[in-house]
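Asker: Chain residues, written in single-letter form:
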Amino acid sequence: MNSIHNISIVVISQSDVVLTGLFEILKSSMASEVILLHRGDELIDYPALNGHIIIIATSEEQEKSGSFMRQILTSTQNIHFITLQLHPDSVYSNRTINLFDTPTLICYKVNEIVNSFLSDQSKDTDTELTKREIEVLQLLTKGYSNKEIADQLFVSTHTVISHRKNISEKTGIKSASGLTMYAILKKIIDVSDINQDELI
Amino acid sequence: MELFNENSKLAFVIHKDHSLLPVINRLGIKLGFGDKTIRNICEENQIDLNFFVETINVFHYEAYFPEKRLLDFSISMVIEYLIKTHQYYKDYLIPENDRLIELFLSASPDENTENELVRKFYAKFKEEFVIHINFEEREMFPFILELNAVVENPEKRAQFTKKYPSFSIESFEKEHSNMDDKMDDLKNIIIKYLPPNYDQNRGNAFLANLFLFEKDLKNHSRIEDHILMPKVKQLEILLANNE
Chain A
1280 MNSIHNISIV
1290 VISQSDVVLT
1300 GLFEILKSSM
1310 ASEVILLHRG
1320 DELIDYPALN
1330 GHIIIIATSE
1340 EQEKSGSFMR
1350 QILTSTQNIH
1360 FITLQLHPDS
1370 VYSNRTINLF
1380 DTPTLICYKV
1390 NEIVNSFLSD
1400 QSKDTDTELT
1410 KREIEVLQLL
1420 TKGYSNKEIA
1430 DQLFVSTHTV
1440 ISHRKNISEK
1450 TGIKSASGLT
1460 MYAILKKIID
1470 VSDINQDELI
Chain B
99 MELFNENSKL
109 AFVIHKDHSL
119 LPVINRLGIK
129 LGFGDKTIRN
139 ICEENQIDLN
149 FFVETINVFH
159 YEAYFPEKRL
169 LDFSISMVIE
179 YLIKTHQYYK
189 DYLIPENDRL
199 IELFLSASPD
209 ENTENELVRK
219 FYAKFKEEFV
229 IHINFEEREM
239 FPFILELNAV
249 VENPEKRAQF
259 TKKYPSFSIE
269 SFEKEHSNMD
279 DKMDDLKNII
289 IKYLPPNYDQ
299 NRGNAFLANL
309 FLFEKDLKNH
319 SRIEDHILMP
329 KVKQLEILLA
339 NNE
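So the protein lines, in turn, are chains A and B. Residue numbering for the first sequence follows the working numbering, starting at 1280 and increasing by one per position. Residue numbering for the second sequence follows the working numbering, starting at 99 and increasing by one per position.
Relax, there's no trap hidden among the hints.
Simulated coverage check for chain A against chain B, where a stretch passes if three residues somewhere in it have a Cβ under 8 Å from a Cβ of chain B:
id, segment
1, 1297-1310
2, 1464-1477
Incomplete in silico selection of chain B near chain A, CB under 7 Å:
id, residue
3, 161
4, 215
5, 218
6, 219
7, 280
8, 287
Pair by pair, the computed Cβ-Cβ distance ranges are:
id, chain 1, residue 1, chain 2, residue 2, range
9, A, 1295, B, 147, 18 to 26 Å
10, A, 1353, B, 161, 25 to 33 Å
11, A, 1437, B, 297, 40 to 48 Å
12, B, 262, A, 1475, 34 to 42 Å
13, B, 262, A, 1372, 53 to 61 Å
14, A, 1303, B, 250, 38 to 46 Å
I should point out that these hints are in silico values taken from the structure, not numbers from a laboratory. Note that the structure is predicted; figures quoted are calculated from it, not measured. Note that the Cβ used here is the ideal one computed from N, Cα and C, for glycine as well.
Assemble the whole structure, with the sequences as input and the hints as a guide.
Answerer: Following this line, the structure appears as structure tokens:
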């Protein structure tokens, strides 16, 4: 639910029976959240969706709203489509889920993709913060805005925002006051450096 | 996962999912109901049967969200339920959290800075949370109820427009995710980062209560975001079309 990996599965089907069934199966997958939609364009109600997204939909639905969904999902790192097949005699592939697959197989296929995301992630990032991220965190705990941090580090605001996103992904902490707590507990800053009443 | 219906015995429902206990209280039911079904109980207590059944199912099963059916309920009924939920937070869950966090932090051998910081973080979270629910009760819910009244009775229109000259529900919609983030942060700080020199059992008790709070809050936000807000937007469109 609050996984730091932040992987969401979006299941799209007009059928509540299909949605509910897949929800039950995918609850035990490694994804952090499962979202159920009747149509692809309903994704517009989830503007804040970020991280890695796995979209499970029929090929018709993908054709109809695939590009629209990509437009909405601008803040995501990675989008992976899995085709949902409704006929028992279709060809087996690990890029498709067939409604007649066993629950274990469906979960297995999804977890394979989740794992590929995770190993991508651990290639360039560990849970340790980089030197630059620590600098951003230090300035953040002093109460500086993204713009001010950008000016001090001679980078763009966009870069600062992306550092902040990575810091939150790695630590599991999102709010500014939570990050201040983290920095103190990890001895990245000293309690005496900050104004406790304002920042925590 | 099974859903409940009007013929389910309420005792059976509670055995299946005891996290519904505060929910049935909010809906106006106390324990001691013997073998009565939901239908019997709702009739006796003059509670809207469909609202009762849908509310416990929404709470019980997170994939269950019959938007269309839920949108049929009267806005005042939904708001009354939401206010009762707030009351449960204010009268019980928050004080209980206060008590448990004190127990857990004060059980450390010596007062240390870390614990003091957790205490401050929690106090800030609580303060923001209370401001948020008070704002909903004092500003947002009254606005919605008056909006509803104007749609039903256009004569009140002039008065309404005077009171809320350029108001729309959009200006109220915010900050749920903010609360969720802070709650998550508090859990992560304790689970992942706080040095464990405190009584583990008391730490666990505090966390357990926080998880309970989170589940309840999530459902509460679901009802606000997916039932209340769409209904209000409908009302605003109706009002605009009547102009």
